[in-house]
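Using the sequences plus the hints, can you model the full thing?
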Amino acid sequence: MAHVRRLDARLLANARDLRSRSTDAERRLWRHLRGRRLLGHRFRRQHPLGPYILDFFCAAARLCVEVDGDQHGDPTQREHDERRSAYLRDAGIDELRFANHEVLHETDAVLEVVARRLGGSRPV
Numbered sequence: 003m004a005h006v007r008r009l010d011a012r013l014l015a016n017a018r019d020l021r022s023r024s025t026d027a028e029r030r031l032w033r034h035l036r037g038r039r040l041l042g043h044r045f046r047r048q049h050p051l052g053p054y055i056l057d058f059f060c061a062a063a064r065l066c067v068e069v070d071g072d073q074h075g076d077p078t079q080r081e082h083d084e085r086r087s088a089y090l091r092d093a094g095i096d097e098l099r100f101a102n103h104e105v106l107h108e109t110d111a112v113l114e115v116v117a118r119r120l121g122g123s124r125p126v
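All residue numbers for the sequence shown refer to the working numbering, where the first residue is 3 and numbers rise by one.
Any given hint could be a false lead.
[Stated by the list, open to error] The following label-pair restraints were derived from C-beta to C-beta distances:
#, residue 1, residue 2, range
1, A62, D92, 18 to 28 Å
2, T78, S24, 17 to 27 Å
3, G42, D110, 31 to 41 Å
4, T109, A61, 19 to 29 Å
5, D76, G52, 14 to 24 Å
6, S123, P77, 32 to 42 Å
7, E81, L41, 11 to 21 Å
8, Y54, V115, 14 to 24 Å
Since the hints were made in silico from the structure, they are not lab data. Glycine is no exception: its CB is placed at the ideal position from the N, C-alpha and C atoms.
Written out as structure tokens, the structure reads:
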């Protein structure tokens with residue numbers, strides 16, 4: 003019998019909402035990740051996984067890429083991020099985190115870090 007993954011309807015609705023109101027940094031990074039543009043790897047954006055929604059996820063590489071806004075400096079948000087990171091580690095998923103300003107102003111450097119983690123180097 004085939005395994006059917008059932009996701010919480012609220013989580014799916016939240017993921018759809020997040021996709022529709024992406025930040026400038028998320029939109030910029032998505033332009034480089036979508037359609038297998040980075041070394042042929044398929045990324046999904048605002049991908050539900052367990053109780054969390056990942057900004058960008060490459061299932062084949064077991065890699066999550068997060069783009070953090072200013073709210074991630076808040077102590078409550080930091081605690082949430084730490085729990086989430088532990089969940090991902092326990093699931094065998096690597097996580098890369100970048101600040102909005104890094105994605106917006108150092109896009110090539112961010113893409114190079116992601117490409118290296120994927121096992122390659124980004125073509126110039």
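> Which hint numbers doesn't this structure obey?
Replying inline: Structure breaks hints 3 and 7.
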